[in-house]
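In order, the protein sequences belong to chains A and B.
The numbering of the first sequence is my numbering, which starts it at 1 and goes up by one.
The numbering of the second sequence is my numbering, which starts it at 1001 and goes up by one.
A hint or two may mislead.
[Unchecked claim] Taking lysine to aspartate or glutamate pairs in the DMTMM-like style, the calculated list, with each CA pair at most 20 angstroms apart, reads: (1) K88/A - E62/A; (2) K85/A - D95/A; (3) K18/A - E1101/B; (4) K88/A - D1093/B; (5) K1092/B - E100/A; (6) K1105/B - D56/A; (7) K85/A - E1082/B; (8) K1092/B - E1082/B; (9) K1092/B - D95/A; (10) K85/A - D55/A; (11) K85/A - E100/A; (12) K85/A - E113/A; (13) K85/A - D56/A; (14) K18/A - D1023/B; (15) K88/A - D60/A; (16) K1106/B - D10/A; (17) K88/A - D55/A; (18) K1105/B - D60/A.
Quick caveat, the hints were computed from the structure, so don't treat them as lab data.
Quick caveat, the model's predicted, so the values are computed rather than measured.
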Amino acid sequence: MAIDSYRFVDFATRQVMKAWAARQEPGVIPFEPLARPLREGTVALLSTAGIARNDDLPFDQEGERRNPWWGDPSYRAIPLGTTEKDIKLYHLHIDPRFGEADLDVVLPMRLVEKTAPAIAERMRAERVDTAALVPV
Amino acid sequence: MGLVQRVLEASGISTVTLSWIPDLTRAVGVPRLAGISYPLSRPLGRPYDADGQRAVLRATLELLASAPGPDTYVELPFEWPESPAQARSASKDVPPSPIVELLRKKPWLVANLYSGRIP
């Protein structure tokens, strides 16, 4: 492994993570071949950034402050169309400001929409239409 | 994330993880893994760098089709434009996580991590 996984973290964090990695047992690793080309399938995105919509329940950060060995294991659904103004990041191990400034940094929903070729094609067409209609 | 990935894969969904700590993610045993040498909090790249983020996302998604079998690991060729010190200084006003703070105060508790005896 050429990448140094701990390059960007401080000494204490590095020790915690290395200790955690050393304890893992890979066991039998599941593998499901891709059933159909990506463009014909549906892509779901999962993020561990602790993203919750403002109209949803926040993740429990107080619980983790009370017991640092614990972390809120629950999850939130983030529907398409959600933008930065609709969410907050509830995560005590990262700097939440990057994802709150640009959600694609941690949950690239807009990118996936644009990357999916069928949608991208439509969007390109839409952009052309829009550009054509913009009076300069 | 790797533990969740395993469950999804076992339930019949093809998965890939993008990890900035591939050492840890790979240790749990995952079907497809893209490692990236980016700082925490910014796995896809810098805010507003849509082109850079798209390149990372595309390289990650490509693994879904190209992986020949379990434990496929690819290191993405992207380089973070700052030194680790610079990348960390952007977040220097963010307090340490509760567990790191605790272990700084009581370093002997690190033994609990090694032994797996989580209080």
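Here is what the structure says about each hint:
In summary, the hint linking K88/A to E62/A is supported, as the alpha carbons are separated by about 16 angstroms, within the 20 angstroms threshold. For the hint linking K85/A to D95/A, the alpha-carbon distance of about 17 angstroms falls within 20 angstroms, and the restraint holds. This hinted pair checks out: K18/A and E1101/B have alpha carbons roughly 17 angstroms apart, not beyond 20 angstroms. Between K88/A and D1093/B the alpha-carbon distance is near 18 angstroms, which keeps this suggested pair within the 20 angstroms criterion.
With a C-alpha separation of about 17 angstroms, the suggested pair K1092/B and E100/A falls inside the 20 angstroms cut-off, and the hint holds. This hinted pair does not check out: K1105/B and D56/A have alpha carbons roughly 35 angstroms apart, beyond 20 angstroms. Pair hint K85/A plus E1082/B does not hold up; C-alpha atoms about 28 angstroms apart against a cutoff of 20 angstroms. This hinted pair checks out: K1092/B and E1082/B have alpha carbons roughly 15 angstroms apart, not beyond 20 angstroms.
For the suggested pair K1092/B and D95/A, the alpha carbons sit about 9 angstroms apart, so the restraint of at most 20 angstroms is met. With a CA separation close to 11 angstroms, the supplied pair K85/A and D55/A stays within the 20 angstroms bound. The hinted pair formed by K85/A and E100/A meets the criterion: a straight-line CA distance of about 8 angstroms does not exceed 20 angstroms. Between K85/A and E113/A the CA atoms are separated by roughly 19 angstroms; this keeps the pair inside 20 angstroms, and the hint holds.
With a C-alpha separation of about 13 angstroms, the suggested pair K85/A and D56/A falls inside the 20 angstroms cut-off, and the hint holds. Between K18/A and D1023/B the alpha-carbon distance is near 8 angstroms, which keeps this suggested pair within the 20 angstroms criterion. Restraint check for K88/A and D60/A: the C-alpha separation of about 13 angstroms stays at or below 20 angstroms, so the hint holds. With a C-alpha separation of about 17 angstroms, the suggested pair K1106/B and D10/A falls inside the 20 angstroms cut-off, and the hint holds.
Of the supplied pair hints, the one linking K88/A and D55/A holds, its CA atoms being roughly 10 angstroms apart against a limit of 20 angstroms. For the hint linking K1105/B to D60/A, the alpha-carbon distance of about 23 angstroms lies beyond 20 angstroms, and the restraint is violated.
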